[in-house]
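Engineer: Next come the chains, spelled out residue by residue.
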Amino acid sequence: MSASPGVTLGAGRAARKTSAGNLNPFASSRRGRILPWLGIAPGLLLFVVFSLVPAVTVIFLSFTDISGIPGVPWRWIGLDNYTRFFVSGSTTANFAIVSRTLIFAFSVTIILNALALVFAVLLNNRIRGANIYRAIIFMPVVLGVTVVGLIWSLIFNPTGGPAASLWGLFGSSSAFLGDPRLAFSLIIFVQIWMSLGYSMMIYHAGLMAIPSDLYEAAIVDGATVIQRFRHVTIPMIASSTTVNVLISIVGSLQTYQIIFVLTGDRPTTSVLAMQIFSLGFGGSSEQGYAAAISMIQFVLISAITLVALRYLRKKETQL
Amino acid sequence: MRNHSGRRRRLIAVAATLTSIALLATGCSYLGGDTGAASNSKLLRIFVHSNGPTDAGFKKINALFEKQNPGVKVEMTTAVGADFATTRNTRMTAKDVDITEGSEQGGTSQLPAWAKDQKPTAWVQGLQAGNWVDLTDQSFLKNFSSGILKKYEFKGKQYAVPTGTSHLSGVFYNKALFAKYNLAVPTTWGKLETVMKTLKANGVAPFIIGGKDSWPASLPIAGLVQSIYPDPVALDKGLWEGKVSLTDPKAVEVMDKLKTIYANTASNWAGMDYASIPSRFVKGEGAMLPDGGWEIPAIQTADPKFEFGYFPMPGSDNAANNKYIASKLEFSLSIPSSSKNQDLAKKWLALYSDPKVYADFIGGSGFGPAQPDLKLPAVLSEIQQYLPPSGFTPGWDQVFHPNTKAGPLAMIPFAFSSVAPLGTETDMAGLAQKMDVDWKAGLK
Chain A
216 MSASPGVTLG AGRAARKTSA GNLNPFASSR RGRILPWLGI APGLLLFVVF SLVPAVTVIF
276 LSFTDISGIP GVPWRWIGLD NYTRFFVSGS TTANFAIVSR TLIFAFSVTI ILNALALVFA
336 VLLNNRIRGA NIYRAIIFMP VVLGVTVVGL IWSLIFNPTG GPAASLWGLF GSSSAFLGDP
396 RLAFSLIIFV QIWMSLGYSM MIYHAGLMAI PSDLYEAAIV DGATVIQRFR HVTIPMIASS
456 TTVNVLISIV GSLQTYQIIF VLTGDRPTTS VLAMQIFSLG FGGSSEQGYA AAISMIQFVL
516 ISAITLVALR YLRKKETQL
Chain B
149 MRNHSGRRRR LIAVAATLTS IALLATGCSY LGGDTGAASN SKLLRIFVHS NGPTDAGFKK
209 INALFEKQNP GVKVEMTTAV GADFATTRNT RMTAKDVDIT EGSEQGGTSQ LPAWAKDQKP
269 TAWVQGLQAG NWVDLTDQSF LKNFSSGILK KYEFKGKQYA VPTGTSHLSG VFYNKALFAK
329 YNLAVPTTWG KLETVMKTLK ANGVAPFIIG GKDSWPASLP IAGLVQSIYP DPVALDKGLW
389 EGKVSLTDPK AVEVMDKLKT IYANTASNWA GMDYASIPSR FVKGEGAMLP DGGWEIPAIQ
449 TADPKFEFGY FPMPGSDNAA NNKYIASKLE FSLSIPSSSK NQDLAKKWLA LYSDPKVYAD
509 FIGGSGFGPA QPDLKLPAVL SEIQQYLPPS GFTPGWDQVF HPNTKAGPLA MIPFAFSSVA
569 PLGTETDMAG LAQKMDVDWK AGLK
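Heads up: the sequence lines are chains A and B, in that order.
Counting with our numbering, you get residues 216 to 534 for the letters of the first sequence.
Counting with our numbering, you get residues 149 to 592 for the letters of the second sequence.
Since the hints were derived computationally from the structure, they do not count as laboratory data.
One should not assume that every hint holds.
Some chain A residues close to chain B (C-beta under 8 angstroms, calculated; not the full set) [what the hints assert, rightly or not]: (1) P285; (2) Y297; (3) R299; (4) L369; (5) G375; (6) P377; (7) S389; (8) L392.
Cβ atoms here follow ideal geometry from the backbone N, Cα and C, with glycine treated the same way.
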């Protein structure tokens, strides 16, 4: 069985192209070049129509006074929406919202990752019922924001709720989610509680991939538990840490749902994403201004994520 | 073997692609918004904001309408307050609604000359854009009070059918508790202070408010402004023209009295949600509840035998300034120009406007009536003594024109949510200064 010269030639060209970096092994024929594009076309179309076009449109709308009311014309107002955010009577309040957004994101990211790693390491040991404990910690992820919000609203009910009863044991009482000094901390706590299982599972996957030989060698070398954690576990789960930190930063910078469910849009708990929701969809009919704030949020998230990514990648190679 | 599995993979890929296309096509056809029932004009779609008492009233009317019009199905859907406007706009664009709320509150409130560089309400913008069907010639409008209809008029035409009015500057009180401690309905601020002291001395929280939702805590403001500023329109104009300052003694007085009310409200009220308030009130967790008339059905549902009354918030020491309860025009019903069932929608509105049907609706809604000479439930009849001869005096939130360029403390004066325990401010003169700075920042 001998191949025809044409086929041999084509196969050779394909092999050359593949080795030169072209990942399409069928690129030798026209059909072979078109087929992969046809394959990804539906997905690409959905991405362009439902993600790319709306994203680019938001940039455009941020320079208009669009209200979202059917038939009402909108005007190009240049930088007015941005001026309103940065230079107006609300500037101080807006910067307070930005700073609250950052506090929320950094608190959640740091505490969440520390706790998730601790739980992942603890449950990675041969503990009886480790799977059950992991399932319990993961459960809030499955419940979803609304159910989690409802559960914690009931727990923090100032009259008769479990938290109030606990406070009562110490002769104290609190309005909990209604207390402007406490509400934001409670929201951070609930957000961490809700996301802990997801982060823990990512760390758990990273821990599972560490070869046991490394620990055995470290034990032979006389390394203590802390030294093994510091010099074996941490470097080996560096990629899991990168993924977890980035997911936490991006996710918490975009969060408004749990805040909306627990306290609504209040001056003491509002964050950027909450402002966007309230202005764009909360009956304010200020979608142009909401689009401008979402662009500010986009720049903030991009900048923080890029810096974090660069730092974490550098750390990964150092470790 | 390899060929067989390759063919199977191809088959799966083709099936997955076809399923995706079918799903997309289904989605697109749904977005087209035309169901079979709609195209033959047998489906009437009503969309309103979610509110138990009015929803129940509409459902009764829908059932009656379906009975009177065999073959017609009324599909009523609702959305909670924050989602309502966006959903309505989307459904109007998709030509998917036949009757909905036009003016959400306040009637057709046009911008006065002094409110510069502001946009009119969404309702007025929609009217200017021609989004609503002209109902001027509909005979059923004659059933409504001309004074109320006038407030919905736009360029001499009618586009809205009123639902009613809501009294918002009053205070509900527990009649049994008042009788137990020999308390009379207070008519001045001094008398209210005595009532608060007596209740507190007997271990009863004078007030109860659902502070967790924030907005219910703004309701005492309506009564206080009503009493302290006899002409709220002049206050709005004065603020816009820079002739009235939020540091004026009267403004500080409003804030100080608000602080007193908050200090006399049940402990940890800032964490109580609004939905739980009617049951807490009937249980006696607070003897007075500053709230709107729309709460009457919820209080009655919490305990049908509970006896309560409603009096104007006495914000002034001059009883004459406290004699009226301010109200707001409730939402209205309108037909979007994009509706394909306009005749059927008008027929439904005619049934709703029938005095007998409307009286039943009003009885369950807790609203004040928009039709004259209706027989009212006992609680609403009792409130009539606190209404001006015209039957309606607008509350501060209906009169004030917000300035989008102002700071957050003055977006809607007065900054109730900054007052402790909702916020952290305890020095009201200091807070008034901050409010003034925020307001004036919007006038530059």
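Engineer: Could you run down the list of hints and mark each one as holding or not?
Structural biologist: Here is what the structure says about each hint:
Interface hint status for P285(A): upheld, as the beta-carbon distance to the closest one in chain B is roughly 5 angstroms, under 8 angstroms. Annotation: interface hint on Y297(A) violated; nearest CB of chain B at approximately 14 angstroms, more than 8 angstroms. For the restraint placing R299(A) at the interface with chain B, the shortest Cβ-Cβ distance is roughly 7 angstroms, inside the 8 angstroms limit, so the hint holds. A cut of 8 angstroms between beta carbons decides the hint on L369(A): the least distance to chain B is about 10 angstroms, and the hint is violated.
With its C-beta approaching chain B no nearer than about 10 angstroms, G375(A) sits outside the 8 angstroms limit, and its interface hint is violated. The beta carbon of P377(A) is not positioned within 8 angstroms of any beta carbon in chain B (closest approach about 14 angstroms), and the interface hint is therefore violated. Interface hint at S389(A): satisfied, since its Cβ lies 7 angstroms from the closest Cβ of chain B, which is below the 8 angstroms cut-off. Restraint check, L392(A) versus chain B: the minimum CB separation of about 6 angstroms is within 8 angstroms; hint holds.
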